[in-house]
Every structure is written in C-alpha cells, then in structure tokens.
Amino acid sequence: MERELSAAGDMRRAWGTRINATCRPRPIRVGMIWQARRTRAMGDCRSHAHSCHTPCRSIIVSMDPFPMIRLTELRLPLGHDRAALEQAIVERLDIAPDALEGFEIFRRGHDARRRGRVVMVYTIDCRVRDADVVLAAHAQDRNVVVAPDTRYRMCIYDGARLATRPGYSRPVVVGAGPCGLMAALVLAQMGLRPIIVERGKVVRERTVDTFALWRKSVLNPESNVQFGEGGAGTFSDGKLYSQVSDPRHYGRKVLEEFVRAGAPEEILYISHPHVGTFRLVSMVEHIRAQIEALGGEYRFDAHVDELLIDVAADGARHVTGVRLGDGQVIAATHVILAIGHSARDTFARLHASGVEMVAKPFSIGVRIEHPQSVIDVARYGTRTPDPVVGAADYRLVHHASNGRAVYSFCMCPGGTVVAATSEEGQVVTNGMSQYSRAERNANAGIVVGVTPDVDYPGGPLAGIAFQRHWERQAFLAGGGRYFAPAQTVGDFLAGRPSTSLGDVVPSYRPGVTPTDLAACLPDFVVAALREALPAFERKLEGFAMADAVMTGVETRTSSPLRILRGVDGQSVNTGGLYPAGEGAGYAGGILSAGIDGIRMAEAVALSLAGRPVDGLVRKGMVQASEAR
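For the sequence shown, our numbering begins at 1 and goes up steadily by one.
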C-alpha cells in the first residue's frame, strides 16, 4: 500500500541528512505488509553542530525490507552527545558500528528519582543490517523487539458514498472539547460530515469571557474555563499523556493531528509532552478549519435542551435527534455525547429522560503552590535545571490512616492556579501552564478520593450535589466576588486560620482570602491532608514548607458519574447515543479524551456502514478509564 505522508504524518525525531524537497516516501515491506515509512540516516549528520537534544529535522527515504527494531530503557547521562547515544545503541545490540544504518527517537524521558543524578531514558527505533539475526540473538530480551506500526487506518473508506445515500442522517457531536473535536475530525476525515454542537463560544471569544472572571470577577455561565470551543483542557497545562489502554495507537493519531494543527513536533517523542494554553487556542482553531473544510458544520452558543428519543412498542429506545435551546431540532440517529465533566444541567436532563447512569468515585481537595525553585532543587538538586528536562514536576501518593488515598493531581510546573467555576456563587480551582512553564510557582491539586454511597448517597446525581455544596462553602469562605479561600501549610497543619500569607505569593485570580480551609472541606479530607503533607515532605524536601499556599477547592478532578455504554459504544438503554470522554466517565485528560473520541467516531462510522464493531475497538471501549 502506498500513500503520501503529510508533514506530521509518521514523524519521529532523529538525526539525518537533508534531502531534496522533491523526494517522496516510498513503501517498504515489513513482513507481508507494505508500509510507507520515513527513516533517518546518521552518518552524514556528523557535520551538524548540535547536541543529542536538538536533533536535525531532516529525513531520508528507505526501501529496507527488514523491520525496525525497537530498543527500550536505553539510559545515558544528562548532557550526552549524539555519538554517545549511537555508541550505546551499538553496544546494547552487540553489533558492529557500520551495521547500524539509522535510528529514530520514539520516546525520550528522564529519570530524576535520585536527586542530583538525572538520567536520560530513550526508546529507540533503529534500522540495522541483518535485523532478523539481531532479533533472534535478543529473543529473550524484552527491551529489544520489532517496532510496532503505529499509523492510523480508518475503519471505513466509503464514508463519502454513505453520506450521499437517500435519508442519510449526519452524526451529531455534542461538545467541542478534546473528545468531541477528535470524534468530529475523524468522522469528517471519513467523509461523514458531522454536525458539532457546542454550548459555549468560539475559542477566542471564550478566552475573553474567561479573562473577565479572572480580572473582573464577572462569570459567564456558558462561556468560561469549562464551556466553549476546546473544552476544559484549553485552560490547563495541556498535558498530552495518558494511562488508558490504547491497543490501536489512537494516542499517536491524536498527537499527529495536534502537530498538524500547530503543536511542536517534540510532543511526538518526549515522554510527558505538553503544549500550554496559548498554543492550544490556535490549535483548536486549526482543527475547526480542517473539520469545516471536510464538510463538517459547527453550531456555537447552541445548548442542547433535550435529547429526542423514540420508544418502540417493545420498549426499545433510540435517539432521533436533539432539541436546542432556541427550539431548533437537529435530526440524527447517531449522537456522540462529549459534554465534559461540568455539564451538570445536561446530566440532569439525561437522567430525567431515562438514560442509564451511575455515580462514580472522584476526588476533592485543594491546589498547593510552592516556588518552582524549591521543587527543582528537591528533584534535580539545582535551581537551574537543564533545558532538556525543564521545570521539575512531581507525583505523590499517600494512603492515610482513615483509609483515604491522597494524591497529587494535574501538577503544573511553572504555572498558575485559575478560577474554574461554571456556576454562579461557587468557587472551583484548577491549574494551568503556558508552554514555557516559566512562572515563579509550581502548583498541583492535592486531593482525596471520595466514593458513592459512603460520601454522597442518593443516586447518580448525588456527586454533583456534593461538589456544589463544597464549592458554595468555598465561595462564602472567600468572601464573594469569586475570591478563593487560602491558607498557608504551616497554619493548616497547626489547625489555625490564616490571617495573612507568607513569602509564597498565590497566583489565583481574581484573588484570595486568608482563612481556614477546614470550613470548606469535609472533615475526613482535612484529616487525610494533614497526615499526607508531612509524608510528602519526607519524599520531596520543602513540600510542607510553612509558607506554601493552599487554595480551595479542587472538586472537578473527574466526572462524578458514568453514563453506561455497551461494547458497541452505545448507551446500554438508548440506541444511537454514544457517551464519550471525560464527562461520560471514560477518560481523564486531553489525550485520553481524544482517544475515546476516536473510538466513538469509529463506532458510529461502523454502525452507519452496517458493519460490526471489531474486537480491538471493543477491547478499547471496555478498558477505557480515568488517568492523568
């Protein structure tokens, strides 16, 4: 099979020689499959004066009939050069230097578990002479394997024909966050011309409304951090990694589409990629333009007030369309519901209409801020980390004596704490970073797990009531005007209210009010946090510093409910409804939401084509879970 590779198609970072722009990729055979693959050479790049961490972007084309070999867990010291990496590959594979014909960096990360001794960790795809012999020699080494094919292949190729059939019903995607965007993009690429319905505004107008809350304490309930084009992920750190099961490499597809939309190419190979808020804004606009160019249609400021359902004589239920707030009806037999975790009014309407859902666990807590330099020293042993590794992050977990799990959530190096409420008279916090991660403070949610029945009994919507209660208490404790309650770690651990703050300047806007956070958190959360902070100090020096600032409350860690769906992606009791992404309880974060959007787009496409959902898609659906 032969196809043209786009600018970001099968991109992988590596060293290589520059080639004429007219060169085109040609297929190479891997096993019995012909694939278009771009590989890079090494030998002619020696004249380039760059280090291993600023690789050349050039490529060459190969007709090598042998598979690429994937080499994992290759470790080198920080600051090594290209020659050292080449030598490490040769030694690890036990081959002659001239047998290594080229290599690509598939993943680059670092291990900073030993303070002051940061180690670079690579996953390398390499092209070697007599690859079959090398693979056989390392048959017992799980770190030397055949590199998998991670290219995305559409599940149908006749979508444009299907869309011209008499009576064709265009699929509707409700929500233009990461899940909805990827679902709509894939549907559009298949020729199925989706309609995207978004309750909020286009991303530029939404940004203006969001800044009005941060700067002037003016909230627009339909256009804010939670609602509008791009979803909640637009105002975040822009993390692009996930722990969900992804057997079909949908995550690679998401990242490649983001690169096409303007994200830096490095997100394809660094282990914990992020893009930052400002870049996400332009990326979202670019994806919208792609969808519209492929026949998709957007409806902004379009709130879905009702899901139209036909009930047959035997009780079977099936979607027939959606009714918007202005009374307009969009007929549709396939609706992807990608509404995000804060569409509480829509959850209530769905529940009232009989769509089956259950309460699920989530977490509640605070945002904690430290000087970024404190975290850098604790992790790297220096206040000025190498640009390759960037501002230090952390991941912490503590199991409290009251049975609660306490953990860090959505850690934002060099970022800010932001007001993230979508309802009047409530305060919610979240974290955000720009691509540079250059702000003075590091922040993270420090949250405690809560569970249905035990903490919020009362059915599928009880978790929402639980969230609202504590968000209201935070609003009152902050004194109104969407100021957030804040307390120093020293005062919190001593059990006394803060009357002033110390050297750590809180970044939350419109502002904070020093107070006692115990007034806006459940008692078991307060107890678990007071136990966890000293435990985290033992793992990360400076974490429990007296002047560190805690700002409340963090309640929107994930959806408080799950809309049940079957192995075909459809609601278990409402045909044609495809609950998707974080709001439906099947994702947590930008990448996993995008992955789930692709899954649901494929499920819709296969249904429209009258074809069964294949086993791999089915496996991906049932294994989707929250992960940040």
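Treat the hints as calculated values from the structure; they're not laboratory data.
One or more hints might be untrue.
Said to hold, decoys possible - Straight-line C-alpha distance at most 30 Å; calculated DSS-like pairs for lysine-lysine: (1) 201 / 239; (2) 360 / 239; (3) 201 / 216; (4) 539 / 239; (5) 216 / 239.
As the list claims (entries may be wrong) - Distance windows between CB atoms, simulated: (6) 610 / 81: 28 to 34 Å; (7) 282 / 87: 38 to 44 Å; (8) 247 / 218: 41 to 47 Å; (9) 513 / 153: 31 to 37 Å; (10) 610 / 401: 38 to 44 Å; (11) 538 / 137: 40 to 46 Å; (12) 111 / 403: 54 to 60 Å.
A virtual CB, placed ideally from N, CA and C, is assigned to each residue, including glycine.
Going through the hints against the structure:
1. 201 / 239: At roughly 23 Å apart (the allowed maximum being 30 Å), residue 239 and residue 201 satisfy the hint.
2. 360 / 239: 24 Å, holds
3. 201 / 216: It holds: about 19 Å lies between the C-alpha atoms, which stays within 30 Å.
4. 539 / 239: Cα-Cα ~24 Å, so holds.
5. 216 / 239: 28 Å, holds
6. 610 / 81: 28 to 34 Å: 56 Å, violated
7. 282 / 87: 38 to 44 Å: 40 Å, holds
8. 247 / 218: 41 to 47 Å: Given a distance of about 46 Å, which is inside 41 to 47 Å, the answer is holds.
9. 513 / 153: 31 to 37 Å: 54 Å, violated
10. 610 / 401: 38 to 44 Å: Given range 38 to 44 Å: violated, Cβ gap about 56 Å.
11. 538 / 137: 40 to 46 Å: 45 Å, holds
12. 111 / 403: 54 to 60 Å: With Cβ atoms ~32 Å apart, the hint is violated.
In this structure, the earlier hints numbered 6, 9, 10 and 12 are contradicted, and the remaining ones agree with it.
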